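If you read the sequences in order, they're chains C, U, D and F.
Going letter by letter, the first sequence gives residues 658 to 932 in the numbering used here.
Going letter by letter, the second sequence gives residues 658 to 932 in the numbering used here.
Going letter by letter, the third sequence gives residues 658 to 932 in the numbering used here.
Going letter by letter, the fourth sequence gives residues 658 to 932 in the numbering used here.
There could be a bad hint or two in this list.
One copy or two, it doesn't matter: identical chains are merged, so the pair holds either way.
[Said to hold, decoys possible] Simulated pairs of lysine-lysine, DSS-like, Cα-Cα distance not exceeding 27 Å: (1) Lys719 <-> Lys899; (2) Lys667 <-> Lys920; (3) Lys927 <-> Lys899; (4) Lys744 <-> Lys719; (5) Lys902 <-> Lys927; (6) Lys831 <-> Lys805.
Hints listed in this document are in silico derivations from the structure and should not be mistaken for laboratory results.
Note that the structure is a prediction, hence the values are computed from the model and not measured.
4 protein chains.
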Amino acid sequence: MVIVIQCADKVGLVATIAGLLQGQDLNIVSMREHVDGIQNRFFARVEVSKPVEAHTLEVQLKAVLPPDAQVIVNPNPVKRIVVLATKEYHCLSDILIRNHFNTLGAEVLGVIGNHSTLDDICRRFDMTFDLVSHEGISKEAFEAQLDKIIKKYRVDYIVLAKFVRILSPSFVEKYPLQIINIHHSFLPAFIGANPYKQAYERGVKLIGATAHFVTNQLDEGPIIAQQIISVNHSYNSSDMVKAGKEIETAVLANALQLVFDDKVLVYQNKTVVFD
Amino acid sequence: MVIVIQCADKVGLVATIAGLLQGQDLNIVSMREHVDGIQNRFFARVEVSKPVEAHTLEVQLKAVLPPDAQVIVNPNPVKRIVVLATKEYHCLSDILIRNHFNTLGAEVLGVIGNHSTLDDICRRFDMTFDLVSHEGISKEAFEAQLDKIIKKYRVDYIVLAKFVRILSPSFVEKYPLQIINIHHSFLPAFIGANPYKQAYERGVKLIGATAHFVTNQLDEGPIIAQQIISVNHSYNSSDMVKAGKEIETAVLANALQLVFDDKVLVYQNKTVVFD
Amino acid sequence: MVIVIQCADKVGLVATIAGLLQGQDLNIVSMREHVDGIQNRFFARVEVSKPVEAHTLEVQLKAVLPPDAQVIVNPNPVKRIVVLATKEYHCLSDILIRNHFNTLGAEVLGVIGNHSTLDDICRRFDMTFDLVSHEGISKEAFEAQLDKIIKKYRVDYIVLAKFVRILSPSFVEKYPLQIINIHHSFLPAFIGANPYKQAYERGVKLIGATAHFVTNQLDEGPIIAQQIISVNHSYNSSDMVKAGKEIETAVLANALQLVFDDKVLVYQNKTVVFD
Amino acid sequence: MVIVIQCADKVGLVATIAGLLQGQDLNIVSMREHVDGIQNRFFARVEVSKPVEAHTLEVQLKAVLPPDAQVIVNPNPVKRIVVLATKEYHCLSDILIRNHFNTLGAEVLGVIGNHSTLDDICRRFDMTFDLVSHEGISKEAFEAQLDKIIKKYRVDYIVLAKFVRILSPSFVEKYPLQIINIHHSFLPAFIGANPYKQAYERGVKLIGATAHFVTNQLDEGPIIAQQIISVNHSYNSSDMVKAGKEIETAVLANALQLVFDDKVLVYQNKTVVFD
């Protein structure tokens, strides 16, 4: 049973929380707390030994915490997600495999593609695939179709598994901190078209990937996880693309596990990851 | 200000601790807690915002915690250490550099060598070097000489920086969880003489190193940190030794920083590392 | 077009090889050569710019090289493999996905399981799955059944993707350096039943995995690749198993890519990996 | 004995080189060759078993290779270097230690600082330290003083060990591919003042460092080596600086070893690293 809390910091918050839990005979088996001294923000993740009625405990905790407190008592034993993808199979396939064998920590309700390429792999896992083409229609109309399907699933998170359409601010605002993206960010990051070609021409020795929440604040939202993979002079541009796919798959899997385990807290444009 | 606690687990320990700190108007800026459910053991590390009188707080905490509680209120802003070495320079030099520039997180009171090889590098840093040769005397007499010097320094920790003499159980018992060693452990570990030659002959692709506390319980005591470095077919046995030294230096530096920051708690033969 | 050569070393081998290639107007776009001075063994991997008739070039090279020379001129543009598995899905699924999307560098002809567990995932990829139960029959009879199926496929390699039966020396001898296994080797390696429990009890900070060829010479054959993953005190025994699976999948995928690209040469119990 | 060659590519270069070496009864114990197909450029590094007269072999090789061929026959068994630094001790100290114990693969002839801070650590190693202040004089005059000292040492390489003055194009042109710098490059790279503060505010999970040759072509010259280190939400800006120093020290040491072993070839703005 996991409890995640963030609020404005003040003296005595841990005592308040721990006291309330003790009063219900709940043993704290693992606790991590962090105060961002610059933002004056309190973050905590608590694992307790016994299951409790989630909503009741949330109400009780909010009653004793600062008014801005966000309290989540393990709302979904298994998170509900939808995956958006385009043509590349690597991230989606990894998610489908884990979902199929019940090791994802979430349930994939459906997959939406803006191309039909990945219909087949979904079908093989008896996974609903909805084709929503962006061609010939406005972004507004495209996103309205996406939204209609997503709403139907009542999801906790939307995972962009190499979905290459840029989502509009109005769409993103509907799902605050619920959209997770995997970005092929190089080191250093190359902006613009064909980043792998630029990386090749620059002769980098590492390439990386970043999993992050999608927001409208910055070019990229709060970073959840980053990893790199070594490359060398023998890698041509397409070898770098291939290496990039390996690391994208690994980083997204890692980030999703952290999020689904309620280990990622977000404030402003940064994450606190209690890994 | 850091507070480190371990004791038998029971419901309400966090509340008890946090309540006591709140009563003294201390804000918890960072807290990590872990319960080992199998050993029924509670571990916590708390950073509070203001300095307090250490001994008083220790007494107050012990008064409200289970009778077996070990409570450390940041006893030494800077830890006092002595380093034991033999002939290899890499770990000792790294420690001397960090000590010299005050970034070690500890103060090196002196170095003891069982060979005179490293006298020179110590002298260059105005560091006391005591030669205690093991030759021609019993282990008992050798260790009595070591102990006499160490006692004089009143140290918190004894760091074995490639010290190749095996310490006797009676010596180790005098410094429980105060002796830190760096071990050239391979993956898989090779037992016996010339482990690098064995690693070479086995054709391993990784070699590693382990920093651990020295105890008499097992062949190796509680592990603090481990790292590896990649090797390949072009490495001969002495190249592996060289790569091993790089990783030994890095792992020991990392382990010492964790220990000096009071981030390592030990119970039975295992560590809890709040890194 | 790849040429792989190993033989006893002597002066002039590179000149001999390069001269012969030049005589056929073949440009060497990449070459790696290594001499094991202790074994007096020459290893080379050469990539040339144009395709040639493989068998003819092999004959020509053997004619000018020492009599013990092993020469392989890229015999199989795509390697043919069979996968043996038991119950665990992680390595097999990763192979099936890559095979399905033609990025494995090999073609999976079929999967053989000694349990029916993985029949379903194979079926989803239209992959032939043969159940060969080991129960109630002798090892000899069991392996005869395996062998009959494998023979039918005329494979280059047999991949043991978490296949838990020990293969007999007589079976292994039929497929010299053709059987690749993934081993959950810890650092240090724990022998015997339940290695993860031992790793947990020892409090290791790293766990690893090793991909290797299966031979009868040693407990493990020539190592192809090894990787590790960090763990900490918060991992219980089953968390370690889970982390182990992630690294097993990654190491096996890496090792297979190296082998299928003809980048792994073996001599005695060691590999030369021209990665 | 190492031979390093680069030139325009054509069929038969390996045969030409190997034939010439065979004619002198030289056995090739290790060879790596790479052709950049896009640049049509040939790179090779050859280790032979016996020492030879370097200049003679260079002349012989150039006589049979394309006219643009660069041939280096291990010109300096031990490279001669000078180190430029400012105030930070970490990279310089690591170099001084390795130099002192003869494991650097190069000889440090002297250290030049634009502040007096690092005079003391040099003195402790009996290392010449020249203070060349940039204050109150033009960049031209400052660099003229640097150059006068460097010329005196007749160095192979100039290592910028956290030297914070930007060198002018005219200075850099005098030492083509002889100046090696360590750069605190983040992932993604942050431009401008106080990159660590930006990295902190962006909430990155990795920070990195890049060792590269200094050229006037781009903001950074050819990359030799890059590494990263993990950070998390508990790192404030100065913790990131500290972690950055660890990785800067490691990357620079690694890059220097590669360069001093003649394993790094440069063409245009990229390196070929035969590691």
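We went through each hint and held it up to the structure:
no. : hint              : in the structure
1   : Lys719 <-> Lys899 : neither (48 Å within a copy, 35 Å between copies)
2   : Lys667 <-> Lys920 : both (22 Å within a copy, 24 Å between copies)
3   : Lys927 <-> Lys899 : between (29 Å within a copy, 20 Å between copies)
4   : Lys744 <-> Lys719 : neither (44 Å within a copy, 46 Å between copies)
5   : Lys902 <-> Lys927 : both (25 Å within a copy, 23 Å between copies)
6   : Lys831 <-> Lys805 : within (12 Å within a copy, 59 Å between copies)
This entry does not satisfy hints 1, 4, going by the numbered hints stated previously.
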